[in-house]
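Asker: Chains R and P, in that order, are what the protein sequence lines are. Quick note: the first sequence uses numbering that gives the first Met the number 0, first residue 0, plus one each step. Quick note: the second sequence uses numbering that gives the first Met the number 0, first residue 0, plus one each step.
Warning: the hint list may mix true and false statements.
Claimed, not checked - Below, computed lysine-lysine pairings styled on BS3-like, alpha-carbon distance capped at 27 Å: (1) K60(R) with K28(P); (2) K96(P) with K60(R); (3) K141(R) with K96(P); (4) K60(R) with K27(P); (5) K128(R) with K141(R); (6) K27(P) with K128(R); (7) K96(P) with K28(P); (8) K27(P) with K111(R); (9) K273(R) with K60(R); (10) K17(R) with K141(R); (11) K218(R) with K11(R); (12) K27(P) with K11(R); (13) K96(P) with K27(P); (14) K141(R) with K28(P); (15) K111(R) with K141(R); (16) K111(R) with K128(R); (17) K11(R) with K213(R); (18) K213(R) with K60(R); (19) K17(R) with K60(R); (20) K60(R) with K11(R).
Claimed, not checked - Estimated spans, in silico, between C-beta atoms of each pair: (21) R258(P) with G138(R): 22 to 30 Å; (22) L183(P) with A28(R): 51 to 59 Å; (23) P67(R) with R261(P): 42 to 50 Å; (24) L296(R) with R261(P): 24 to 32 Å; (25) P144(P) with D153(R): 46 to 54 Å; (26) D203(R) with P31(P): 48 to 56 Å.
These are computed hints drawn from the structure, not numbers from a lab. Note that the Cβ used here is the ideal one computed from N, Cα and C, for glycine as well.
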Amino acid sequence: MSTVAIDLAGVKKSFGDKVIVNELSFSVARGECFGLLGPNGAGKSTVARMLLGMISPDAGKITVLNEPVPSRARVARVRIGVVPQFDNLELEFTVRENLLVFGRYFGMSARKIEAIAPSLLEFARLESKADVRVSELSGGMKRRLTLARALINDPHLLVMDEPTTGLDPHARHLIWERLRLLLARGKTIFLTTHFMEEAERLCDRLCVLESGCKIAEGKPDALIDEHIGSNVIEIYGGDPHQLCELVRPYARHIEVSGETLFCYAPHPEQVRVKLRGQAGLRILQRPPNLEDVFLRLTGREMEK
Amino acid sequence: MGESYAAIMPANAYNWIAVWRRNFLAWKKAAPASILGNLADPITNLLGLGFGLGLIVGRVDGTSYIAFLAAGMVATSAMTSATFETMYAAFARMDAKRTWEAILSTQLTLGDIVLGELVWAASKSVLAGTAIGIVTATLGYASWPSILYAMPTIALTGLVFASLAMVVISLAPSYDYFVFYQTLFLSPMVFLCGAVFPMSQLPGSFQHFAGLLPLAHSVDLIRPAMLERGADSVALHVGALCVYAVLPFFVSTALFRRRLLR
Numbered sequence: 000m001s002t003v004a005i006d007l008a009g010v011k012k013s014f015g016d017k018v019i020v021n022e023l024s025f026s027v028a029r030g031e032c033f034g035l036l037g038p039n040g041a042g043k044s045t046v047a048r049m050l051l052g053m054i055s056p057d058a059g060k061i062t063v064l065n066e067p068v069p070s071r072a073r074v075a076r077v078r079i080g081v082v083p084q085f086d087n088l089e090l091e092f093t094v095r096e097n098l099l100v101f102g103r104y105f106g107m108s109a110r111k112i113e114a115i116a117p118s119l120l121e122f123a124r125l126e127s128k129a130d131v132r133v134s135e136l137s138g139g140m141k142r143r144l145t146l147a148r149a150l151i152n153d154p155h156l157l158v159m160d161e162p163t164t165g166l167d168p169h170a171r172h173l174i175w176e177r178l179r180l181l182l183a184r185g186k187t188i189f190l191t192t193h194f195m196e197e198a199e200r201l202c203d204r205l206c207v208l209e210s211g212c213k214i215a216e217g218k219p220d221a222l223i224d225e226h227i228g229s230n231v232i233e234i235y236g237g238d239p240h241q242l243c244e245l246v247r248p249y250a251r252h253i254e255v256s257g258e259t260l261f262c263y264a265p266h267p268e269q270v271r272v273k274l275r276g277q278a279g280l281r282i283l284q285r286p287p288n289l290e291d292v293f294l295r296l297t298g299r300e301m302e303k
Numbered sequence: 000m001g002e003s004y005a006a007i008m009p010a011n012a013y014n015w016i017a018v019w020r021r022n023f024l025a026w027k028k029a030a031p032a033s034i035l036g037n038l039a040d041p042i043t044n045l046l047g048l049g050f051g052l053g054l055i056v057g058r059v060d061g062t063s064y065i066a067f068l069a070a071g072m073v074a075t076s077a078m079t080s081a082t083f084e085t086m087y088a089a090f091a092r093m094d095a096k097r098t099w100e101a102i103l104s105t106q107l108t109l110g111d112i113v114l115g116e117l118v119w120a121a122s123k124s125v126l127a128g129t130a131i132g133i134v135t136a137t138l139g140y141a142s143w144p145s146i147l148y149a150m151p152t153i154a155l156t157g158l159v160f161a162s163l164a165m166v167v168i169s170l171a172p173s174y175d176y177f178v179f180y181q182t183l184f185l186s187p188m189v190f191l192c193g194a195v196f197p198m199s200q201l202p203g204s205f206q207h208f209a210g211l212l213p214l215a216h217s218v219d220l221i222r223p224a225m226l227e228r229g230a231d232s233v234a235l236h237v238g239a240l241c242v243y244a245v246l247p248f249f250v251s252t253a254l255f256r257r258r259l260l261r
C-alpha cells in the first residue's frame, strides 16, 4: 500500500469567473496530521469537499487513498471519516440511533453497529447520553458525536472541515485530545482550520492558503523558524506608527496590525530599554508563533 | 462527463434501503400525527362529496357516485402523499437539515439517496391509498380483495409523483416555489383526469390532453380494479406510468448533481 494518503497536483477550481483554488499541490503521508490553514474564504472548505468528490476540480489531479477522485471517490469514502464544517446530525434521533443510521449507510448490520457503538460513545465521552435526543446536546457534545459518527466505518483517513469552530475552549481542548489519540492509533487526519493554536498543537505539517493559493508549506516549527526566527514584542497603546520609528533600528521586522505593533527582534532587551519611559504602553514579550508567520506572509490578521 | 454521470447513479441494487430505513425510523417517531394528516383530507373529501354530491348525481359510469369517487380519491391521495413527502420532507433533508450532505460523505451516491427517497414516498402513498381503500371497503362500496388488486398501481403512482416532485425540488430555490407546481399542475389534474367525474364529460380536445397526464393512467387502472371490472390497455397505462417514474429520476439526479456536487 502506498505511503501517501492524499495527493493533489495542480488543482484548480473556479465558480463563475471567481478563482477559488489556484494551482494547488500538496501531499499528505499516511499517519500524518496535515492542516490547511487560511482565513475565511481562502478556499479551505472547497479543498476538503474536493477530497470527498463533492466538488470536481476544473484541472489537476486528486488521489485519495490510492483512488482517483472524483471518479472513484465513492470507493475512497468507504475508508474515510468526515467531520463537516456544519453539524448534520439527525436532531430528532437519539445519540445511539444516529450511529445506527449512519453505520447502515456503510452497509453495516445492526449487530455490528451495536457491537462497536459502546467504544465509540466512550471515545466521544457520551456514554451517559446514548439515549438522549441530539437536539438536547450541547454544541461540544454534538461535535464529539459527529466525530464518533465519522469513526463508525473504522476509517484510515479523517477529513475535518473546521472541527472546533464555534466551540468554547474547554470543548475545543477535549476534541484536540481525542484527535491526538486517533493519531496515536495511526489514523491520518486532514483538517482545515483558521485557528493558529489548533494548527500549531495538532498538525505535523501545514499548508497556508490565501485566496486559493498556497503561500507556505512545512512543519509548524520550521515555518516559524524560517519566517520569523526571533522573539516577538507586542506593544499596545501609543501611536503605533510613531513607535515604529523608535524601535526600527533594533528590529529585524515590524508589523502593525490594528492598534498593536509587532516587533520581531533578535535582542528584545534593547527594544525594552528604548521604550522605557514611554507612558501608557503595555509590552508583551513572547516566542514567535504561527500567527506571526501568517501576518508576515499576508500582512493580514486572522482570527485568534 | 459520462464517467462523472455514472458516478452519481445508484451504486448497487440495495444501497437505497439504508435511506428508506432512516426515513422509516423518523416516521415511526411521529406516526400517529403523520397518519392522521395523510388520511383526514382524502377521507373527508370521499365522504363529503360521495354522500353529499352523490345524492344529486345519482349513478355514474354504471355504479354509485361514491364507489366511482373512491377510486379517484385513492389515486389522488397516492399522488398527494408522495408529492408532499418529497416536496416538503425530502426538500428539508436535502436543504436545511443537511441529511443528504451527511449521507453523501458515506459510500452512498446521489442516485442511491434519490432512489431511497422515491421508494419511501411511494411507501407513504401505499399507506394512504390503502387506508382509503379500507374505508371504502368497510362502507361496502368496494370488495376487500379489490384493494389488493389496486395496490401495485397505488405504489407505482407514488413513485411517479415522487419522481416528478424530485425534479421540482431539484430546481426550486425555496419552499415558496412549490405552490406553482401544486396549483398549476396537481390541482387541475384532479379534475382533468377522471378522479371526480368521468373524463368523457370534458370537451374532446381536453380529453386527448388529459389522457396523457399521469394521474389519468393511474385512475384508469385503479378504478377498474376497485370496481372489479376488466381494465382496457393495461400495458399502455403501466408503460406510461413507468416512463413518468423513470425519466424524472434521471433528470432530477442530474439536476441535484449540479445543485449539490459542483
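Asker: Does each hint hold? Answer for all of them.
Answerer: Results of checking the hints against the structure:
1. K60(R) with K28(P): Since the Cα atoms of K60(R) and K28(P) sit roughly 45 Å apart, the hinted pair is violated (cutoff 27 Å).
2. K96(P) with K60(R): violated, 32 Å
3. K141(R) with K96(P): holds, 15 Å
4. K60(R) with K27(P): Status violated; Cα separation ~45 Å.
5. K128(R) with K141(R): holds, 11 Å
6. K27(P) with K128(R): holds, 21 Å
7. K96(P) with K28(P): Holds. K96(P) to K28(P) sits at ~17 Å (cutoff 27 Å).
8. K27(P) with K111(R): It holds: about 23 Å lies between the C-alpha atoms, which stays within 27 Å.
9. K273(R) with K60(R): Given that 27 Å is the threshold and the Cα spacing comes to 54 Å, the pair is violated.
10. K17(R) with K141(R): Violated, because 34 Å separates the two Cα atoms, which is more than 27 Å.
11. K218(R) with K11(R): holds, 24 Å
12. K27(P) with K11(R): Violated. K27(P) to K11(R) sits at ~46 Å, over the 27 Å cutoff.
13. K96(P) with K27(P): Distance ~18 Å between K96(P) and K27(P) Cα, so the pair holds.
14. K141(R) with K28(P): Distance of about 21 Å is within 27 Å: holds.
15. K111(R) with K141(R): holds, 23 Å
16. K111(R) with K128(R): Within the cut-off at roughly 20 Å; holds.
17. K11(R) with K213(R): Holds. K11(R) to K213(R) sits at ~12 Å (cutoff 27 Å).
18. K213(R) with K60(R): holds, 16 Å
19. K17(R) with K60(R): holds, 20 Å
20. K60(R) with K11(R): holds, 9 Å
21. R258(P) with G138(R): 22 to 30 Å: Holds - the Cβ-Cβ distance for R258(P) and G138(R), about 28 Å, lies within 22 to 30 Å.
22. L183(P) with A28(R): 51 to 59 Å: holds, 57 Å
23. P67(R) with R261(P): 42 to 50 Å: violated, 19 Å
24. L296(R) with R261(P): 24 to 32 Å: Cβ of L296(R) to Cβ of R261(P): about 29 Å, so the range 24 to 32 Å holds.
25. P144(P) with D153(R): 46 to 54 Å: Once the Cβ atoms are compared, 51 Å apart, the range 46 to 54 Å for D153(R) and P144(P) holds.
26. D203(R) with P31(P): 48 to 56 Å: Holds, since D203(R) and P31(P) (Cβ atoms, about 54 Å apart) stay within the stated range.
The structure shown violates the earlier hints numbered 1, 2, 4, 9, 10, 12, 23.
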